[in-house]
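Visitor: Here's the letter readout for the chains.
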Amino acid sequence: MINGISIDYFILLSAVLFTIGAIGVMARRNSIIIFMCIELMLNAVNILLVAFSTLHQNAEGQVFVFFVMTVAAAEVSVGLAILTMIYRNIKSIDTNLLSNLKD
Amino acid sequence: MTALILILITGVLALSAEIFNLKKVLYPLSILGILVALGLNFVEWHQPFSWKYSDNMVKFDNLALAFSSVLLVTVFLWFLMSKSYFNEETNLVEHTSLVLFSLIGAMLLVAFNNLVTLFLGVEILSIPLYVLAASNKKNILSNEAGFKYLIMGSFASGFLLFGIALMYGLAGSFDLFTITNALSTDKVPNFAYVGIIMILIALAFKVSIAPFHFWTPDVYEGSPVVITALMSTIVKTAVFVAIMKLFLWYFYPAYGHYVEIIAAMILISLVIANFSALRQNNVKRLLAFSSISHAAIMMLLIIADVRNASTVNALLYYTFAYSVASIAAFASIHFVTGGKEETLDTLKGLMYKHPFIGVSLLIALLSMAGIPVTAGFFAKYYVLNALLMSSYKWMIIAAILASILGVVYYLRIALKLFEVDKKQDNGIIALSTREVFLLGLSVLLLIVVGIYPDIIANTFLK
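Top line first, the protein sequences correspond to chains S and U. Under the working numbering, the first sequence is numbered contiguously, ending at residue 413. Under the working numbering, the second sequence is numbered contiguously, ending at residue 523.
Source of the hints: derived by calculation from the structure; they are not laboratory data. Treat the hints loosely; a few may be bogus.
In silico DSS-like links for lysine-lysine, alpha-carbon gap of 25 Å or less [what the hints assert, rightly or not]:
#  : chain 1 : residue 1 : chain 2 : residue 2
1  : U       : Lys401    : U       : Lys414
2  : U       : Lys199    : S       : Lys412
3  : U       : Lys401    : U       : Lys198
4  : U       : Lys248    : U       : Lys85
5  : U       : Lys198    : U       : Lys144
6  : U       : Lys414    : U       : Lys454
7  : U       : Lys198    : U       : Lys84
8  : U       : Lys401    : S       : Lys412
9  : U       : Lys199    : U       : Lys409
10 : S       : Lys412    : U       : Lys198
11 : U       : Lys414    : U       : Lys477
12 : S       : Lys401    : S       : Lys412
13 : U       : Lys144    : U       : Lys199
14 : U       : Lys401    : U       : Lys144
15 : S       : Lys401    : U       : Lys120
16 : S       : Lys412    : U       : Lys477
17 : U       : Lys401    : U       : Lys477
18 : U       : Lys409    : S       : Lys412
19 : U       : Lys409    : U       : Lys477
20 : U       : Lys199    : S       : Lys401
21 : U       : Lys144    : U       : Lys84
In isolation and in its complexed conformation, chain S is listed as follows (with noise of 0.2 Å):
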């Protein structure tokens, strides 16, 4: 309990966000709309995370979530530099035109 308000409800909020994540990753064609729901993934296990420290009341859980973004950024910003040599290339973001490679 955290606040009177039960755990359950934290894995479940985080859970949903991180649902609606995957799917956005796997159903969007933006690139950016992509990285946008990776970004929403990682930040569900945050709140998730914050919560099990409260819970169990200890920092450890929270020193994490720094780990966590600090790795985020850096995935970004990876994935942005990927995205401008595609740009470059083709003029599009479009995941759809991103098709050369296959059977």
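Using the hints, position chain U against chain S.
Guide: Just chain U now, kept in the frame of chain S:
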């Protein structure tokens, strides 16, 4: 541990080489760094080292030392292979530092003792590889490969993180020892099992076990050959050690909850990988499917449920044999095609044009197919031997049928080597001494280790 620090220093030096005008000595320096790190691993053998300032987050025991030696040997061979790839367009400085940083992530993954280090290891291993996969800037195929790898990798790390968060919720700590204890109690909440499955899915993404393998052929085909060689070797070695540590030791109290899922994943991988490989025309794509099949065979060690040194020995032997054979095969393809398209026809008549590369490629392929005298045979033998005692004996038949299919598609490449090439003659392939040394060394390793398997397969005493 000192090896890890030394590689870190080498990586930072490599990164700043352009500032200090060290570009000329960079290549020998990195090779020297790797060899000294390898030597340090042997010095530290039997002296367990855990970094007490980091709350036991990394533990360099014998297991970590042995597997990081395999990683170091792989990267050493990779450096020998890739020298001819570097030119004005492909920057030596950036490639060297990214590869070394990726190696650090891999070494963290074999030594982690805490879920935080697991996550950081996976990310440090992957992020440089996303950049490397897309490193052929003007080629849209390479860009696309990097992009796909990045999206799939970040997607998988989302799953990994969710799993880690749930395990933290269970135990109130990221320490694996605490988590094992928490899993052994009577009242384990259901979300902990969900967490374990999510970690399994994430790691299956990384080693490309079906049904999470769909990115592999695309990424392997699009990336430059030398990068594909790196991706298919160090990632598999490092992540498989993580899988073995987690699912055969630390999460063992919950073994019954995930073993059937792993068995199903292996079966799907064996079927999909081997049947898809039969109809490939691109060598890199074919080797991608073969790597999925190898991953499935390594995964058999988890369902074999043998929790002693023989499993570790079997995995050590398998990763070594697979890494060396992969590097040799990709190196041969790299020398022949030189960055152009890698269809099966480019290998036509290689045995007559350049017998040395031809023979090396042939032996690498035979080792991958598991033909005796090469290392690949004993690699498969140890895995299937472990499976004999388990409740999944029928899996042996599936694995052997898959290996027979494997022989068929490896022989398809091998037969191309002997075909007479009438129309084209794209000149003589000149090999430098370094490249001859690389191919010779890998072939020698494959055969010597294949004849005397005990050199590696008795590393850990029973």
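Visitor: Each hint needs a verdict: does it hold in this structure or not?
Guide: Each hint, compared with the structure:
1. Lys401/U <-> Lys414/U: holds, 18 Å
2. Lys199/U <-> Lys412/S: holds, 19 Å
3. Lys401/U <-> Lys198/U: Holds, because 15 Å separates the two Cα atoms, which is no more than 25 Å.
4. Lys248/U <-> Lys85/U: violated, 61 Å
5. Lys198/U <-> Lys144/U: Given that 25 Å is the threshold and the Cα spacing comes to 19 Å, the pair holds.
6. Lys414/U <-> Lys454/U: violated, 45 Å
7. Lys198/U <-> Lys84/U: The hint holds at about 22 Å.
8. Lys401/U <-> Lys412/S: Between Lys401/U and Lys412/S the Cα gap is close to 18 Å, so the pair holds against 25 Å.
9. Lys199/U <-> Lys409/U: Violated: Lys199/U and Lys409/U sit about 28 Å apart, past 25 Å.
10. Lys412/S <-> Lys198/U: holds, 20 Å
11. Lys414/U <-> Lys477/U: OK: Lys414/U and Lys477/U at ~12 Å, within 25 Å.
12. Lys401/S <-> Lys412/S: holds, 21 Å
13. Lys144/U <-> Lys199/U: Holds: Lys144/U and Lys199/U sit about 21 Å apart, inside 25 Å.
14. Lys401/U <-> Lys144/U: The hint holds at about 17 Å.
15. Lys401/S <-> Lys120/U: Between Lys401/S and Lys120/U the Cα gap is close to 48 Å, so the pair fails against 25 Å, i.e. violated.
16. Lys412/S <-> Lys477/U: Satisfied, since the Cα-Cα distance of roughly 23 Å is no more than 25 Å.
17. Lys401/U <-> Lys477/U: Since the Cα atoms of Lys401/U and Lys477/U sit roughly 18 Å apart, the hinted pair holds (cutoff 25 Å).
18. Lys409/U <-> Lys412/S: The given pair, whose Cα atoms are some 23 Å apart, holds under the 25 Å limit.
19. Lys409/U <-> Lys477/U: Distance of about 5 Å is within 25 Å: holds.
20. Lys199/U <-> Lys401/S: holds, 13 Å
21. Lys144/U <-> Lys84/U: holds, 13 Å
Hint compliance for this structure: hints 4, 6, 9, 15 are broken, all remaining hints hold.
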